[in-house]
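If you read the sequences in order, they're chains A and B. Under the working numbering, the first residue of the first sequence is numbered 1, with each subsequent residue one higher. Under the working numbering, the first residue of the second sequence is numbered 1, with each subsequent residue one higher.
Any given hint could be a false lead.
Stated by the list, open to error - Beta-carbon label-pair distances, calculated as ranges:
id : chain 1 : residue 1 : chain 2 : residue 2 : range
1  : B       : Phe45     : A       : Asp271    : 51 to 61 Å
2  : A       : Ala59     : B       : Gly49     : 48 to 58 Å
3  : A       : Ala163    : B       : Leu273    : 54 to 64 Å
Said to hold, decoys possible - Away from chain B, derived, C-beta distances all over 12 Å, residues of chain A:
id : residue
4  : Lys51
5  : Asp101
6  : Asp110
7  : Lys117
8  : Ala121
9  : Ala125
10 : Phe223
11 : Leu290
Claimed, not checked - Stretch by stretch, here's where chain B covers chain A in the computed footprint (C-beta under 8 Å, at least three residues):
id : region
12 : 73 to 84
13 : 333 to 341
14 : 399 to 411
In case anyone wonders, no lab produced these hints; they're calculated from the structure. Heads up, the beta-carbon is just placed ideally off N, CA and C, and yes, glycines get one too.
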Amino acid sequence: MRTFIKVAMAATVALAALAAAAPSMAQDKTIRMWTFLNPTGTAPREVALAKIIENYEAANPGTKILVETQVWDQMTPKFLSAHATGNAPDVIWVVTDFLGDAIKSGSLADLNELFIKDWSAEQLADNAGAYWDLSLVDGKQHSIFVSRNYISLMYRKDLFEEAGIDPTSLTTWEAFHDAAQALTVKDAAGQVTRYGFATGFSEQQADPSPILPPMLAAGIEPFNADGTANFANAKGVEAMTLLTDMVKEGISPAQAATWTVDDMFEQFASDRVAMIQGPAVRVSTLQAKLGADKVGLMMWPGDGVAAHSPAVMAGWAVGVWSGSPIKQEAGNFVEYMLGSEADKIWVTDGGQVPGLQSTLTELADFIAQPGNEYLAVAAEGSAKFGWLTPIDFAVGGYRQAINKAAQRVLVEGVDVETALKDAEVEFNRQNNR
Amino acid sequence: MHSRLTGVSYVLPAFAVLTLVLFSPVFYGLWFSLFRIQYGAPTDFIGLGNFARLFEDPALGGTLRRTLVFTSFSVAITIVIALALSVWIHKLPPKRGFVVQMIVIIPWIISTVVATLLFRWVFVNDIGLAISLARAAGFGEIHLLNDPNSAMALLISVSVWKRIGYAVIIILAGLKSIPDDYEEAASLDGATAWQVFRMITLPLLKTPLLLVTIVLTLSNINTVETPLVLTGGGPGSATRILPIEVFDRAFVTYDLGSATALALVMFFGNVLLVLGYVRLAKWKA
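Only chain A is shown next, with the shape it has when bound in the complex (with noise of 0.2 Å):
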């Protein structure tokens, strides 16, 4: 009986403790966030992700972000299936790819109600352009792009220097070409030990091809307006003809058909390669490697009308969950990490493209330092040699179909319009159409 009373006793006075500590806990936000970045890794873009949450859990006591680090070409299918579940986390990045299925899916909340409907006119214009209508559909604003990326051409400042050849010069695909062949050296046994220019042909981890800009710069649209695919049209098939000529003629590495995005930024910081098809996002992780002053950035060539080709502008737009049970906290958090303040760290820490108008004005001297030119290149890129892809269907899998031509042109011969055409029905049958 007395060993009763006790238990009795300690029950009692454990949950007369519990309630007390009850609102204390009720205040305790836990807001849970899906991102490809690791908050605790030291590349640019990871150390910024950790500020910017640093500063906002420092002047919001109480909530707590937390981040679940995701691989970051399965994350936007795993959210609309956990949307589907009902378990998707409350603050989601979005691949440019998926984005359309994230919003006809009814995934994301519309940030207007949480928090755009406070904003002031100066506000809104510092967020216009391209990417911001991209996700606004039918009056909402379904999300807002943390992440831009420019993907155009990287190379290699130190060996173009070495070389004598002016970034500025390559304003057609010839002088694309002539400058690549100029790049490539050989050894005395003629064996090449640094390539011209070098871009991933496989299907894992998968950039959008190069083929891309001389099609969109001719006018031609990789898709139709029913969503099937057009790679096998006369531009498309003179691009993928010029860049399966340069591996053929020892420019660009034969081994690149089963290269993917970062065995090509391995053999770049190896100075395996002069240019690189690269996103600019990743400029920053590359300069930590190799110096601020031997890498650049610069847009496509042109087509001899233009001065540069339109570059594929990926990125990654953050949303809430529309079913999110704290939907108001997390749009909190949304504003404020692509807000002015967050985005000047993206800029400086993180070595991102400005999403803002105003941080491009108020940071015009830390862009203007060596090294930092590339922000100013991608930012004039997007807006204006830039295409988004289209959100009216599902695009998913088109980069690996262009890819998967690509490799059988170079490993198993075929020839290149049968290898876009055939591209082009894989691509509609895996999209029912």
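On the provided structure of chain A, position chain B as indicated by the hints.
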């Protein structure tokens, strides 16, 4: 009656866990596969529509053939090498045997992704150690992943290298369980070493070999990490096997309906394979 209930109560927790982690996803998958999937959620009931679409895919036959080639070669080579290694280790002095065993096991105990990346960096990557040494030795440029046949051979090699440790452990355990008397008696009767191995050791290893065959088959036929990291299914479709097909349908084109249907077909294929193996070996529990 009382004892029967007691028995049931013993297996009930295990059955409940199995139902939760194994059977429920299968039943959910079955139900899921009967619907048109839009944005990750089931919409219209289409019966076997998702399965029918699989058979309309002209490339799936080739993927199945490559899966069978990859699995059968990987399993057969792993077992042959593991058997030879096990017999050798079994005959080594205990200390040396232990060291060799540890070396053989290392690839198995490290993560598949890490192991495959290591393999890629050392043997395949353009800036890898092995390729650099080959170049320095005057072999010129070697691009193993660019040729469909060498890419598949490389994929099989990685699979063998990665899983051989597991096979050695099981077979070695089987060898250690065979009493020395049998071998000694056979030797006294004049049997050669090869005859002892073929007529005594091998038959007594039937159970561990069957176990290894089943586990290796299932593990190879379902592996997605190794081909994904090593070859990405390329060049072309040369190393595109069923698990990559499921992965791409689910995460690249986001066609969850056919991805689920294909995953289920693979699941039931796995079950049939296990039943077939057990029946072939006339294994009695």
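Tell me whether the statement that chain B covers the region 333 to 341 of chain A is true, taking a Cβ distance below 8 Å and needing three residues at minimum.
violated (count 0)
* Asked: With d taken as the least Cβ-Cβ distance between Asp101 of chain A and chain B, does d exceed 12 Å?
  -> violated, 6 Å
Could you check that no beta carbon of chain B comes within 12 Å of the beta carbon of Lys117 of chain A? Holds, because the least Cβ-Cβ distance between Lys117 of chain A and chain B comes to about 27 Å, which exceeds 12 Å.
*Was Phe223 of chain A rightly flagged as not at the interface, with every chain B Cβ beyond 12 Å?*
Non-interface label stands for Phe223 of chain A: nearest chain B Cβ at 14 Å, farther than 12 Å.
12 Å Cβ clearance of Asp110 of chain A from chain B:
Answer for Asp110 of chain A: holds, closest chain B Cβ roughly 17 Å.
Consistency of beta-carbon spacing, Asp271 of chain A to Phe45 of chain B, with hint 51 to 61 Å
About 58 Å separates the Cβ atoms of Phe45 of chain B and Asp271 of chain A, which means 51 to 61 Å holds.
Please confirm whether Ala121 of chain A is truly not at the interface, meaning its C-beta sits more than 12 Å away from all C-beta atoms of chain B. Nearest chain B Cβ is 34 Å from Ala121 of chain A, so the label holds.
Interface exclusion of Lys51 of chain A relative to chain B, criterion Cβ beyond 12 Å:
With a cut-off of 12 Å, Lys51 of chain A remains clear of chain B, as the shortest Cβ separation is near 29 Å.
Is the coverage entry for the region 73 to 84 of chain A by chain B consistent with the three-residue Cβ rule at 8 Å? That given contact holds, which follows from 9 residues of the region 73 to 84 of chain A lying within Cβ reach (below 8 Å) of chain B.
Beyond 12 Å from every chain B Cβ - status for Ala125 of chain A
holds, 33 Å
Check your understanding: Is the gap between the beta carbons of Ala163 of chain A and Leu273 of chain B within 54 to 64 Å?
Key -> holds, 58 Å
- Task: Take a quick look at Leu290 of chain A and tell me if its Cβ sits farther than 12 Å from every Cβ on chain B, holds or violated.
- Result: holds, 15 Å
Going through the hint list in order, the structure does not satisfy hints 5 and 13.
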